[in-house]
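Number of protein chains: 2
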Amino acid sequence: MSAPDPELLSLNTATVRQQWNLADIIAGCTRHNIRGISPWRDQVDQLGVKEAARRIRDAGLTVTGLCRGGMFPAPDSQLRKAAFDDNRRAVDEALTLEAKCLVLVVGGLPKQPDGKIVSRDLAGAREMVRDGIGELLDYARSGGMPLAIEPLHPMYAADRACVNTMRQANDLCDELVGPRKGEGLGIAVDVYHVWWDPELKQQIERAAEASPSRLLAFHLCDWLVPTTDLLLGRGMMGDGVIDIPLIRSWMEACDYHGMHEVEIFSANNWWKRDPDEVLLTCRRRHQLAC
Amino acid sequence: MSAPDPELLSLNTATVRQQWNLADIIAGCTRHNIRGISPWRDQVDQLGVKEAARRIRDAGLTVTGLCRGGMFPAPDSQLRKAAFDDNRRAVDEALTLEAKCLVLVVGGLPKQPDGKIVSRDLAGAREMVRDGIGELLDYARSGGMPLAIEPLHPMYAADRACVNTMRQANDLCDELVGPRKGEGLGIAVDVYHVWWDPELKQQIERAAEASPSRLLAFHLCDWLVPTTDLLLGRGMMGDGVIDIPLIRSWMEACDYHGMHEVEIFSANNWWKRDPDEVLLTCRRRHQLAC
Chain A
0 MSAPDPELLS LNTATVRQQW NLADIIAGCT RHNIRGISPW RDQVDQLGVK EAARRIRDAG
60 LTVTGLCRGG MFPAPDSQLR KAAFDDNRRA VDEALTLEAK CLVLVVGGLP KQPDGKIVSR
120 DLAGAREMVR DGIGELLDYA RSGGMPLAIE PLHPMYAADR ACVNTMRQAN DLCDELVGPR
180 KGEGLGIAVD VYHVWWDPEL KQQIERAAEA SPSRLLAFHL CDWLVPTTDL LLGRGMMGDG
240 VIDIPLIRSW MEACDYHGMH EVEIFSANNW WKRDPDEVLL TCRRRHQLAC
Chain B
0 MSAPDPELLS LNTATVRQQW NLADIIAGCT RHNIRGISPW RDQVDQLGVK EAARRIRDAG
60 LTVTGLCRGG MFPAPDSQLR KAAFDDNRRA VDEALTLEAK CLVLVVGGLP KQPDGKIVSR
120 DLAGAREMVR DGIGELLDYA RSGGMPLAIE PLHPMYAADR ACVNTMRQAN DLCDELVGPR
180 KGEGLGIAVD VYHVWWDPEL KQQIERAAEA SPSRLLAFHL CDWLVPTTDL LLGRGMMGDG
240 VIDIPLIRSW MEACDYHGMH EVEIFSANNW WKRDPDEVLL TCRRRHQLAC
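Read top to bottom, the protein sequences are chains A and B. Numbering that gives the first Met the number 0 puts the first residue of the first sequence at 0, with every later residue one more than the last. Numbering that gives the first Met the number 0 puts the first residue of the second sequence at 0, with every later residue one more than the last.
Extracted from the complex, chain A is given alone in its bound form (with noise of 0.2 angstroms):
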């Protein structure tokens, strides 16, 4: 494998967000030859969606997805009620900053509003996403925004994604498109996610011979070992496990020749670094070790 195109970079705002609002944000890909941004809702929420996609759209670059939709599983019909809304209105974001995707981290087990999971039902949980996903892609379809369902860690599967392999995301895929079928919804591929999955090959190829492709989009960073925080404890390119360049060539071979979006929470290393050698350290790391 040689070198990914550094054009292809993008940055994933949860990367910075300990240390950065959004506006700085934009600011630092600019400032670091970055060319892809991928906004979290809360980020673009605090500066406001226009001036967010203006500033955006200024620094010429793309939105290579917004996060995040879904979050459907929930114990009453007004708590889904609820969660339809906030996922229209995410819909009407990401049109806003012409984003590539909304991305669908779909919810785990139904929860009250304070996070308290209230069910063991994990099949009722996944028939309450293929319903919400079913109703969100009529409204998503007639703005134009593709859905991607990104198939999360089966570790996030109770409270997170009961969505947990890409054999799940497309087979989700085809019962509401149709087999072989990608129009408004597809998948988003995060190496931290999927990475473990002996099926990955085969089902990032299946993606693929929908029409459209159901490839989106394509996380990355890497699996530490050890792994001390579920959930704010993932790695830089390089430091981990996973072997990147591998799953990148699946990608391709695939004709995937999308972005590559960095997204890295790490409480304990990355999120306390001085972001501008966050930044850099993406760029080389995006080199080196993708």
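Source of the hints: derived by calculation from the structure; they are not laboratory data. Treat the hints with care, as some may be off.
Note that identical chains are pooled: a pair holds if it fits in a single copy or bridges any two copies.
Only pairs whose alpha carbons sit at most 25 angstroms apart, straight line, appear in this in silico DMTMM-like list of lysine to aspartate or glutamate [unchecked claim]:
no. : residue 1 : residue 2
1   : 80        : 130
2   : 49        : 276
3   : 115       : 238
4   : 115       : 41
5   : 200       : 254
6   : 80        : 174
7   : 115       : 273
8   : 115       : 242
9   : 49        : 120
10  : 180       : 242
11  : 200       : 130
12  : 200       : 120
13  : 180       : 198
14  : 115       : 85
15  : 49        : 242
16  : 200       : 174
17  : 200       : 170
18  : 200       : 173
19  : 49        : 182
20  : 115       : 228
21  : 271       : 228
22  : 180       : 44
23  : 80        : 91
24  : 180       : 75
Note that the structure is predicted; figures quoted are calculated from it, not measured.
We have chain A; now place chain B onto it with these hints.
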């Protein structure tokens, strides 16, 4: 679901390993009328395998498994040979203990003796696992000791086991023994590792369709939300989000009528409690939450 037969409760010695040695645990099982035990090799070694076997026999306990063999991937042939020799000793010990099976935690990426991972080649590690089990299988079969592949949660793929789903374990059995065959090689189903898997029911059924059945062991604990330690943060049955009765119903529908082995690694809770209280709680929760 009706409550399980209390006679089916078995205690994996890891559950109270911080408080008691093996002799204490055997005595504890007798005191609490727990009819099965699954010891770890380091605790067996400490007492001596013959003495351990004698005490377990005298207490009338069924040995639901010996923990553990495996750890096949290694960076060079000398270390692979050392792993093989150790695995043969594990088979011998399991035979002395009259265990129902030797549980295999197959290992992750190849490591140096100091624990440092030296390769990102996950597919290669999986080949080493296949070859290692194949080699050990000849030895184990000649003695009549079934090997139980334990698929571990994907969060352990790098450092503990790169067999992470029931499908993978079934595929290995197909390859090494034959489709729908189970002679000498099967699977240990631990709810903690597999509860999230959308294919769980189907793969349990596939394991049971083999002749003899590949369902060699059934391990219980619970997945806590939040989970604060990847290794030592397991919960007592009923304290987490796993629908254990549902999974038990799938096992029983597939004619699994073996014991239910409680295996809880819990540095911050159950390992700090009075071990008699832990055993009482295991008995109660086995009736109430399994």
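A quick look at each hint next to the structure:
no.: 1; hint: 80 / 130; in the structure: within (12 angstroms within a copy, 52 angstroms between copies)
no.: 2; hint: 49 / 276; in the structure: neither (29 angstroms within a copy, 60 angstroms between copies)
no.: 3; hint: 115 / 238; in the structure: between (34 angstroms within a copy, 13 angstroms between copies)
no.: 4; hint: 115 / 41; in the structure: within (22 angstroms within a copy, 39 angstroms between copies)
no.: 5; hint: 200 / 254; in the structure: within (13 angstroms within a copy, 35 angstroms between copies)
no.: 6; hint: 80 / 174; in the structure: within (22 angstroms within a copy, 48 angstroms between copies)
no.: 7; hint: 115 / 273; in the structure: neither (35 angstroms within a copy, 29 angstroms between copies)
no.: 8; hint: 115 / 242; in the structure: between (36 angstroms within a copy, 16 angstroms between copies)
no.: 9; hint: 49 / 120; in the structure: neither (40 angstroms within a copy, 46 angstroms between copies)
no.: 10; hint: 180 / 242; in the structure: neither (29 angstroms within a copy, 34 angstroms between copies)
no.: 11; hint: 200 / 130; in the structure: between (28 angstroms within a copy, 22 angstroms between copies)
no.: 12; hint: 200 / 120; in the structure: between (30 angstroms within a copy, 14 angstroms between copies)
no.: 13; hint: 180 / 198; in the structure: both (20 angstroms within a copy, 23 angstroms between copies)
no.: 14; hint: 115 / 85; in the structure: within (20 angstroms within a copy, 45 angstroms between copies)
no.: 15; hint: 49 / 242; in the structure: neither (39 angstroms within a copy, 45 angstroms between copies)
no.: 16; hint: 200 / 174; in the structure: both (21 angstroms within a copy, 20 angstroms between copies)
no.: 17; hint: 200 / 170; in the structure: both (16 angstroms within a copy, 17 angstroms between copies)
no.: 18; hint: 200 / 173; in the structure: both (18 angstroms within a copy, 21 angstroms between copies)
no.: 19; hint: 49 / 182; in the structure: neither (27 angstroms within a copy, 66 angstroms between copies)
no.: 20; hint: 115 / 228; in the structure: both (20 angstroms within a copy, 19 angstroms between copies)
no.: 21; hint: 271 / 228; in the structure: both (15 angstroms within a copy, 22 angstroms between copies)
no.: 22; hint: 180 / 44; in the structure: neither (33 angstroms within a copy, 58 angstroms between copies)
no.: 23; hint: 80 / 91; in the structure: within (17 angstroms within a copy, 60 angstroms between copies)
no.: 24; hint: 180 / 75; in the structure: neither (32 angstroms within a copy, 46 angstroms between copies)
Of the numbered hints stated above, those contradicted by the structure are hints 2, 7, 9, 10, 15, 19, 22, 24, listed in ascending order.
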